[in-house]
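K.L.:
If you want the building blocks of each chain, they are given just below.
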Amino acid sequence: MDRPDSRLTRRAALGGIGTVLASGGVVYGASRLDSESSESTGTQFHRSTESTGVGIDLQGHPIMGSADASLDLYYWSDYQCPFCRRFERDTLPKLVENHVRTGTVRIVFIEYPYLSEASMTAAVMDRCVWRQVRDGTPARYWPWHSAVFEAQGEKGSGWASRSNLLEITRRVEGVDAAAVDTCMRTRGPDIESSIRTDVEQASAFGIRGSPAFVLYDPASEAAGKLVGAQPYDRFETAISRIQNA
Amino acid sequence: MSASGFDAHVSRLLAAVGYPLATARRTLVTAVFTVVTYCLMVLSTFPAYSMQMLGADLGYVDEALLALTANTYRTVGGAGLGLIVVYAVTTGVALTTTLGRVRNAGPTGVCDLWSVLPGLLASGCASCGAGVLGLLGFAGALAAMPFEGNLLRLGGIALLVGYLSRVGHPRRCELTSTTDEG
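Sequences listed follow chains A and B, in order. In terms of our numbering, the numbers along the first sequence are unbroken and rise by one, the last being 225. In terms of our numbering, the numbers along the second sequence are unbroken and rise by one, the last being 189.
If you are wondering where the hints come from, they were derived from the structure by calculation, not from laboratory data. Some clues are possibly wrong.
Now the in silico label distances, taken between C-beta atoms and shown as ranges [said to hold, decoys possible]:
1) A:R167 <-> B:T76: 33 to 43 Å
2) A:E97 <-> B:L21: 27 to 37 Å
3) A:Q39 <-> B:L35: 56 to 66 Å
4) B:E70 <-> A:E180: 24 to 34 Å
5) A:S173 <-> B:L65: 41 to 51 Å
Ideal placement from N, C-alpha and C gives every residue a C-beta, glycine not left out.
Construct all of the structure, not just a fragment, from the sequences and the given hints.
P.N.:
In structure tokens:
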């Protein structure tokens, strides 16, 4: 983040992203007014239907944190990626505690399934779970998301099979596994197509692996990219830099 | 390959492997080559991450190495990580042997150095895995390969072993007997 080549500004790095960012001049603040939120486990989630200034369409993505947070952290992950699990275990809790709950940062969860077909299965189920809970109890997404990462096994071992993921879902309170199963059968292809669009957009951002992050300040339009399960202090530094940009 | 030809290859391979262990200095040089090779290979499994971490502060090198070693283990398993270690050791031996050859044979030894480089690079890329492919835009390509790319890693090691069995001990010259020629 503090390296010149890793910072994305309107002119430098984001310029390289091309049309994705060229079209990203949406007024950001107004877009958040229709966001919904709820509180359960101390972690606030909400939904939004708008696009951000860097061209991220928030439709369909779980968003953790306050709708009024001053910074966005776009987080691309694959449920089968061990490095993502490392980030979720070592860094994410501190980020949530120190920046999300305080209202500074909101995290947008974006699926980036690239390791195998099972990654896509988990990604589609993720979106189905979010569709189910986003209007009434959006915070129920978090225990499901955590439970899947907790259950992460060896790639190809079958842990991310549809049946096993549904079994995990049944154990998560507040999520209807039968409805998720129905969603996967009826809406799966559409959701998969939408996820593939997200993956293509991630490639346009120069993302080649996961986890990957873009930190964005809508007010100053400053942005920066972080890749991999970097330690918390690297995120802390990145947040300070973007805030002071 | 005849039985005597095979024996000669094995003999030269053993001589080449034994050469770095003959003195403490050579062993140390080999160890340094091995460690550097391992670090480069592990860091190159996720180049963008490594560059950001080390670019921010070289003090993150231990964190990056540990994180990527753990990630490699989780991604390609113990066999894949083992192959990377074997590749690093083999590279250490090959480089030390080649250096010895250059020192002893002079300019003609340089040809050996050039001959080993393509093999090192090709097999190194095969061994490091997803990183280089990822940089080229083929995220997850290695994961789609047979045995998570372990077959490629094995191929890389085979190339190096083949090189060592050809060059043998850098301070010995082999004379072909006249009976063999006849």
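K.L.:
If I claimed the Cβ atoms of Q39 (chain A) and L35 (chain B) lie 56 to 66 Å apart, would that claim hold in this structure?
P.N.:
Once the Cβ atoms are compared, 60 Å apart, the range 56 to 66 Å for L35 (chain B) and Q39 (chain A) holds.
K.L.:
Quick check on a hinted range of 27 to 37 Å for E97 (chain A) and L21 (chain B), using CB atoms only.
P.N.:
violated, 46 Å
K.L.:
Hint says 33 to 43 Å; check whether the CB-CB distance for R167 (chain A) and T76 (chain B) agrees.
P.N.:
holds, 40 Å
K.L.:
I want to verify a distance hint. Is the separation of the beta carbons of E70 (chain B) and E180 (chain A) within 24 to 34 Å?
P.N.:
holds, 32 Å
K.L.:
Determine whether the Cβ-Cβ distance between S173 (chain A) and L65 (chain B) falls within the hinted range of 41 to 51 Å.
P.N.:
Since the Cβ atoms of S173 (chain A) and L65 (chain B) sit about 44 Å apart, the hinted range of 41 to 51 Å holds.
In this structure, the one hint that does not hold is number 2.
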